[in-house]
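Novice: Listed here are the chains, written in short residue letters.
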Amino acid sequence: MIIIVNLGCTAAWWLARSPSSIIKGLSVWIRTNRVAGSCAVRVLFFFNLAHAHFILKMAAVQGGLVDANEEKDIKSEPANDTWANNNANDGRLPSASPGASAAAGAPEDQQTLLAVLQFLRKNKLTESVEILRREAGLPEDSLESKGADSSGAGSGGAAAAAGEDQPDVNVVLSAYSQQGDPVLYPVYYSGLKRFIETVLDCHRAELSQVFYPLFVHMYLELVYNNHESEAKAFFEKFCGDQECYYGDDLRILSSLSKREHMRGNETLLDFRTSKFVLRISRDSYQLLKRHLQERQNNQIWNIIQEHLYIDIFDGIPRSKGQIDAMSGSLAGEAKREANKAKVYYGLLKEPEIELPLDDEDEEAENEEGKPKKKKPKKDSMGSKSKKQDPNAPAQTRIPLPELKDSDKLDKIMYMKEATKKIRLGPDNLPSICFYSFLNAYQGLTAVDFTDDSSLIAGGFADSTVRVWSVTPKKLRKVKSAADLNLIDKESDDVLERIMDEKTASESKILHGHSGPVYGISFSPDRNYLLSSSEDGTIRLWSLLTFTCLVGYKGHNYPVWDTQFSPHGYYFISGGHDRVARLWATDHYQPLRMFSGHLADITCTRFHPNSNYVATGSSDRTIRLWDVLNGNCVRIFTGHKGPIHTLAFSPNGKFLASGATDGRVLLWDIGHGLMIGELKGHTDTVYSLRFSRDGEILASGSMDNTVRLWDATKAFDDLETDDFTAATGHIHLQDNSQELLLGTYMTKSTPVIHLHFTRRNLLLAAGAYNP
Amino acid sequence: VHTSTMADREERRFAEISRESVKFMAESSGVELGDDVAALLAEDVCYRLREAAQSSSQFMRHAKRRKLTVEDFNRALHWSNVEAVCGYGAQDALPFRSAKEGELFFIEDRDVNLVELALATNIPKGCAETMVRVNVSYLDGKGNLEPQGTVPTAVQSLSDDLLKYYQQITRAILGEDPHLMKVALLDLQSNAKIAALLPYFVYVISGVKSVSHDLEQLNRLLHMVKSLVQNPYLYLGSYVRSLVSSVMYCILEPLAASINPLNDHWTLRDYAALLLSHIFWTHGDLVSGLYHQILLSLQKVLSDPVRPLCSHYGAVVGLHALGWKAVERVLFPHLPAYWANLQAVLDDYSVSNAQVKADGHKVYGAILVAVERLLKMKALSLSQPAEGGSSGHTGSVVGAMGYRVSSPGLSPPPEPLSEAALGIASHLQAGGAGCPWEEWTPVPLPAMYCELYSFFGDSLAVRFSTGPGFGSYPPYAPSQLGEARKEAPGPASNPDTTRKMPQLTANLNISPRHDGSPRTDPAPSLTRSSTSTSSVQRSRSCSSRSGQRPAGLSRDVFPKARFTSPQAGIPAFTFLIGGRQMGRRCQGRRPFQTTFAPTPPLPAVPPRAYAHKLPVIGRVGRPVRRWACSCYSLHLPL
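In the order they appear, the protein sequences are chains A and B. Each residue of the first sequence is one higher than the one before, starting from 1 at the first, in the UniProt record's numbering. Each residue of the second sequence is one higher than the one before, starting from 1 at the first, in the UniProt record's numbering.
In case anyone wonders, no lab produced these hints; they're calculated from the structure. As the structure is a prediction and not an experimental result, all values here were calculated from the model. Where hints are given, some of them may not hold.
To be verified - Some chain B residues close to chain A (C-beta under 7 Å, calculated; not the full set):
id	residue
1	Tyr47
2	Ala63
3	Thr130
4	Arg133
5	Val136
6	Val306
Unchecked claim - Think about it this way: if two alpha-carbon atoms lie no more than 16 Å apart in a straight line, the pair counts; the simulated EDC-like pairs of lysine to aspartate or glutamate are:
id	chain 1	residue 1	chain 2	residue 2
7	A	Lys420	A	Asp462
8	A	Lys232	B	Glu43
9	A	Lys258	B	Glu43
10	A	Lys258	B	Asp44
11	A	Lys508	B	Glu129
12	B	Lys67	A	Asp703
13	A	Lys258	B	Glu51
14	A	Lys275	A	Glu228
15	B	Lys67	A	Asp683
16	A	Lys653	A	Glu738
17	A	Lys404	A	Glu350
18	A	Lys258	A	Glu228
As the list claims (entries may be wrong) - With beta-carbon atoms standing in for the labels, derived distance ranges:
id	chain 1	residue 1	chain 2	residue 2	range
19	A	Gly191	B	Ser29	50 to 56 Å
20	B	Asp160	A	Ser748	52 to 58 Å
21	B	Asp160	A	Asn651	50 to 56 Å
22	B	Cys86	A	Tyr588	33 to 39 Å
23	B	Ala192	A	Gln442	17 to 23 Å
24	A	Glu490	B	Asn81	55 to 61 Å
25	A	Asp483	B	Asn81	45 to 51 Å
26	B	Gly34	A	Lys679	51 to 57 Å
27	A	Asp462	B	Pro254	31 to 37 Å
By construction, the Cβ of each residue, glycine as well, lies at the ideal position given by its N, Cα and C atoms.
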């Protein structure tokens, strides 16, 4: 839904209509079409001002880059289309924290608002100004004074609030337009290089971080200013110096040599709009600053100021190893503040189930001939879950669906199974069953198991989804409506009677998508199946009728992954449009949109307590989002390739991630730290799964192996270390070999999914790949 | 983009499209472009292509594939609002051809006859249904329950029809009726629906070990292998390993059947060796490292002196069948060591040794054939790059490989002169301990020839000097050869120096018994030759001369000799078989430095049991093709 309004009337009208209760922020996307002589404004709503800010900057930069004459809709960002949907969010989550009345809180937010107001005023949208001002609760004079300030200062026209570390719009607009002598660029660069090579060892590693962003920006500046040959020479000369893990980005960069190419290149857009974040110790930073000021090296200093965000910390400079562990993402490391928010990673209290549990239990016990033993055990389990974990979110932090009787029965089944669970450990490794997809000539792209391991579903590149029953129980459809009428609804076995025996088969095919299916997920109650596809939709299928119930549209671009919440009802999806969306099965529009990734979202996972979702992306970062308010609460950097799989530990404390670089990284969610690196795979890791008690981490990869890792040890080793949580500087020991418990080859079958049954048997799945 | 010429720029990080291509394409659609416009366009097209390739890779990644497909690329185009390029979705690789004039590459775009396609009677059957099968791979994280390579017990449950088919086929093949067997084998070769039965057939074939006393059964099983391998609808996958091990068994093992000298297990081994090479050349890519494994096991057998000679024979023919490179890498370096053993066997004239000695001759013959082809092919491979495609020799190339082409029943693809795709070099590092993989360096042809000559003497030289490839041998070679031989220690001044290259021994070619039956080979007439006899005929100078001699001249000898022979009646000639007296590396083979007495073969001599197996070594001048036909004729009971 794109809202393009002619300035003057509609914008104001639209603004006026928007319910004030949900306005936490507002941003205006400005596209001035000077040729046409009229202004079009895209009005977008955000409930998160930080995002608004980001977008504003993006808009500004873009506006600056686009030549006035050639103004066209450059590859309209998918975000535009969909962010507008956000007005659908109001009141979806009843318990959502009362939207603070506008952004009065953070000064930064206010500045953004002021900038917006400023713009509206300039374009003589007095009505809109008035409304927005009222809604935001700003005093009239604040705008006046600010406006006077900026109009006095910014003779160039556009103006915005200027924070000390916040470049004003003016500067961003002219990014890259200022330039020095192109011939001097290599001189500047090698001058800095010489300097950094001569500083003390302890500072060298830190300062070397500057090379890559500097290199890229200098190159882009050259390209932008049409110095093609100089740019090429510059690239040739210095690209060899860059860290090898930036190779992919450098390849893209080198392919571009013209100003026209920069338009629409997403990677570049990211680079220009987001500041590259570096963490540098104060000493090292001072050293750099002094050097640059002494040399009057304004060119480099400008770039550092404009395009780099240097996160200065007090303390000992980091070593090369520490830096390498954390860098590699598209936009540098995460700022330290980004990981400071409190995350309630604890598990929710298990609901107490007293139902006919006893009867069934008795039967089971009688069969086993141990009538008494179990009772106390059950009690202890109950009491354990009754204790409230201090790190757990409030039970009602987000509304969760009530348990149905069938869910309770399932829980009982789960507990029963859990008592038969095998305790795994380094000496007691799980057995592995491999589910091979034979004759999958059309290409198997995604696999999922139900939690009780009774069904397996495969998504295929030919747009189909196939469901198989793994147990002898066949898949049956519900009878037709006419037949259902004939059923005695009072009978005990009504659930059995509604099934149509004639339709029983081992597998069912679900047709509906019009592109490869990239992600599938069973609902916890096994009644639904979600599938996300290249056609931009997510479909919800009923496993009772084996038909499609809903097609959720909103992504407009390929949807790479989707997953049901562990409690059902909600699901998360992410795709090429870089926005993750939270949906509820009974709403056709998303409840939340999580934007912030700089490249495709490749995988999405729900936290076991359903209060958070994690997304992995091609920008090589992992973000953790709060479902309640849509905030990004964690940013994890350290992978050197697109992330393709994520897994939360069963206790909710840890996260594991696997990427195309073949490495598995472990993260502590509470502290926001990387706590382990598991090296061993030689190709993309496509699946990760913790055992039911979290002792073993299994990873499956394109290299046709399943590897088992000692998760307990990986986490324990860390807890004995003293956390340098304050600085976030971990020192990882290279103990992959000790942690690796086993490598298991498949027969020419890439492992694309892993699953631990309730008794801790490891199931792996993949298509035989002759 | 159908045509693209690679721009020859100084830096070629990416494939680039030249402005000529752009102009060319513009012209083809009726637009005239200026140079500058074309250059701009070309650059932009390159960039867009790169961009599309970049974004298409993510579709590949999400489809969890390693191979970028046309579909991925089209999806990337689709999402950047560009029309998809249709018509390239086929799974098969498109042949990329180059036009001789100009550096022009294009994809062959054949016409498809739609009528033919529509009215075709062979409507393709639907593909097998996608299914999920589970197996316990690792129990308690330990070990494979199912050892690699064995036949899974129940991959698929067989339908009744298939089961019946299986029973009928196996009964027919292993049964008595040769006609039925022929039919069964033919069906096995062409039936498209037997994929499900493959594991069972492989299992049956692996039963070779239990019927090693029955040559007939072994033969039938080998034919079954052949049929399976030739069936175009079957994907053998990792069953190749199992098939190969069965075939290797027939080649290498001292079969129970070979205890009885009357059993012609040699032919079986020959056939199995051919089959092995056929499997390797057609299906070798299915199992990684297969070539190396085969070579290793062959080498192991060869270097094991405890093994009987028939095993050694199998190893040699196996190597021979795998190509001259295999012979060069394995057999040739091993020859000096092996020679001593063989020598001992052949030198033993005791009666009790007769049987073993006959076997020894068999091995000797096989080695000779192998190294001769090695020399020939090596010379050919050296000469080919040297002088492009001199058409005069192409014929001889075919001749050299004639036996492969003419081998009945099997038509292995022509052996490439260059290293195979699964080259030996790539496996060198993986070589097991105790084998000379690591230190192997290619021996230059002259040195190799010298060494071989020291073993085989003139029986080798004849073939080499008149060999089709030798004429094109680079001219420096003979001088090198001379030098190499000068360095040779030993009887530098002994009569050897005056030896002549025995071109004329090619007269043997005219042996009246060219029906190929060696039965009446004059084994009894073997007499010891005196060194002086042979030395008269060989001379070093002559050898170098023969090297320089144009190929045509040396080839003249044959026809002449051939056609004169019939008139010669019972020819009286000397017959040189053996090597020279004093080798550089070892003792020459005395018993074969013989001159056949100028007496006709004595028919009175009772043919010994093994006589018909007596070596072919005497019939040196014979064209390869004929020789191959007689010795390598397949035992075809069909």
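Novice: Now look at each hint and say whether the structure bears it out.
Specialist: We went through each hint and held it up to the structure:
1. Here the hint on Tyr47/B is kept, as its CB sits about 5 Å from the closest CB of chain A, short of 7 Å.
2. Interface hint status for Ala63/B: upheld, as the beta-carbon distance to the closest one in chain A is roughly 5 Å, under 7 Å.
3. Using the Cβ-Cβ criterion of 7 Å, the hint placing Thr130/B at the interface with chain A is satisfied: the shortest such distance is roughly 5 Å.
4. Restraint check, Arg133/B versus chain A: the minimum CB separation of about 5 Å is within 7 Å; hint holds.
5. Taken as an interface hint, Val136/B checks out: its beta carbon lies about 5 Å from the nearest beta carbon of chain A, inside 7 Å.
6. Because the smallest distance between the Cβ of Val306/B and any Cβ of chain A comes to about 35 Å, over 7 Å, the interface hint for this residue is violated.
7. Proximity of Lys420/A to Asp462/A is assessed by CA-CA distance (about 40 Å); at most 16 Å being required, the pair is judged violated.
8. A hinted pair counts as satisfied when its Cα atoms are at most 16 Å apart, and Lys232/A with Glu43/B qualifies at roughly 14 Å.
9. For a cut-off of 16 Å, the pair hint linking Lys258/A to Glu43/B stands: about 9 Å separates their Cα positions.
10. With a C-alpha separation of about 9 Å, the suggested pair Lys258/A and Asp44/B falls inside the 16 Å cut-off, and the hint holds.
11. Under the criterion of a C-alpha separation no larger than 16 Å, the hint pairing Lys508/A with Glu129/B is consistent with the structure, at around 12 Å.
12. Only pairs whose Cα atoms come within 16 Å are accepted, and Lys67/B paired with Asp703/A is accepted, the gap being roughly 14 Å.
13. For the suggested pair Lys258/A and Glu51/B, the alpha carbons sit about 13 Å apart, so the restraint of at most 16 Å is met.
14. Distance check on the hinted pair: Lys275/A and Glu228/A sit about 25 Å apart at the alpha-carbon level, beyond 16 Å; violated.
15. For a cut-off of 16 Å, the pair hint linking Lys67/B to Asp683/A stands: about 14 Å separates their Cα positions.
16. For the hint pairing Lys653/A with Glu738/A, the CA-to-CA distance comes to about 22 Å; that exceeds 16 Å, so the pair is violated.
17. A threshold of 16 Å between alpha carbons decides the hint, and for Lys404/A with Glu350/A the separation of about 14 Å falls inside it, so the pair holds.
18. Between Lys258/A and Glu228/A the alpha-carbon distance is near 7 Å, which keeps this suggested pair within the 16 Å criterion.
19. Range check, Gly191/A to Ser29/B: about 51 Å between beta-carbon atoms, so the 50 to 56 Å window is met.
20. About 31 Å separates the C-beta atoms of Asp160/B and Ser748/A, a value inconsistent with the hinted range of 52 to 58 Å.
21. Distance hint check for Asp160/B and Asn651/A: the Cβ-Cβ separation is about 53 Å, which falls inside the suggested range of 50 to 56 Å.
22. The hint said 33 to 39 Å for the Cβ distance between Cys86/B and Tyr588/A, and at roughly 35 Å that hint holds.
23. For Ala192/B and Gln442/A, the Cβ-Cβ distance of about 20 Å falls inside the hinted range of 17 to 23 Å, so the restraint holds.
24. In this structure the hint that Glu490/A and Asn81/B lie 55 to 61 Å apart at CB holds, the actual value being about 59 Å.
25. The hint said 45 to 51 Å for the Cβ distance between Asp483/A and Asn81/B, and at roughly 49 Å that hint holds.
26. At roughly 55 Å, the beta carbons of Gly34/B and Lys679/A sit within the given window of 51 to 57 Å.
27. Range check, Asp462/A to Pro254/B: Cβ separation about 53 Å, and the 31 to 37 Å hint is violated.
In this structure, the earlier hints numbered 6, 7, 14, 16, 20, 27 are contradicted, and the remaining ones agree with it.
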